[in-house]
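Trainee: Chain by chain, the residues run as shown.
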Amino acid sequence: MDSAKTLYSILNVIIFLLLIAIGLGFFFFVTILFGLKQDFVDVSVGLINFKTEAMLYVYTILRLGVYAIFIKALWELRKATKLFLKKDFYNNELIKRLFTSGKYMVASGVSMWCINGISDVFLKFRFSVGLSEKTLVYLLLIAIGLFLMLMSSVLNDAKILKEENELTI
Amino acid sequence: MSIKVNLDIMLVKRNMKSKALAEIIGITAANLSILKSGKAKAIRFSTLEAICKALDCQPSDILEYVEE
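If you read the protein sequences in the order shown, they are chains A and B. If you count by the working numbering, then the first sequence holds residues 276 to 444, one letter each, in order. If you count by the working numbering, then the second sequence holds residues 3 to 70, one letter each, in order.
In case anyone wonders, no lab produced these hints; they're calculated from the structure. Remember, predicted model here, so these are calculated numbers, not experimental data. One or more of the hints may lead you astray.
What the hints assert, rightly or not - Pairs of lysine-lysine residues, derived as DSSO-like cross-links and limited to a Cα-Cα distance of at most 30 Å, are as follows: (1) A/K354 x A/K280; (2) A/K434 x B/K43; (3) B/K41 x A/K362.
Bound-form chain A, shown alone (with noise of 0.2 Å):
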């Protein structure tokens, strides 16, 4: 059980970092949008990479959302582990949290994918072939998004294989 407790932690410590920089982002944005003055973000150094600002921004706003997805995700995956702690295998909450945080999980991995292709395509209208290091992070993402749904479907069996084990008289 100390490994579901170290990533217990470790989830903690993502959600913590990954709200942060959400809130910040949102800050920054907001900032940007109505041109207040701050010294921290430059929409110009953004823009090198972009052919407009509007595009820059739909970019950022899609970004956001994406993160949001993949939060949503870790914290069902952070209640889950909790549950796990509590060594209740066999409950229907740990199965349909696992599920949702995989489904989650591979959904934030795919719209990373097709937001980064779209935006280097059509945004920044570049365009690269060959697997990247971002590419690799977003197939390990659905991977383990996979693997959570597959985890899920395993309890959920042996939960059934349990319960007619105890009914078998």
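Following the hints, complete the assembly by docking chain B onto the known chain A.
Mentor: The following block gives chain B in isolation, referenced to the frame of chain A:
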């Protein structure tokens, strides 16, 4: 379920209480109740053997196949 458990009928025929049968065959009254109500998913041969021995009957007297 298409397998019907007629344990209560046999208990009435033998004039025996569920609690007494549970004690004889060595299972809890709660488990015997699950078996009687038809909620059980399976029955062990050893349990069936003990029930048949206690009630002096055949497995067919306790279990019955009913077409759904």
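Trainee: Now look at each hint and say whether the structure bears it out.
Mentor: Outcome of the hint check:
no., hint, verdict
1, A/K354 x A/K280, "holds (12 Å)"
2, A/K434 x B/K43, "holds (14 Å)"
3, B/K41 x A/K362, "holds (27 Å)"
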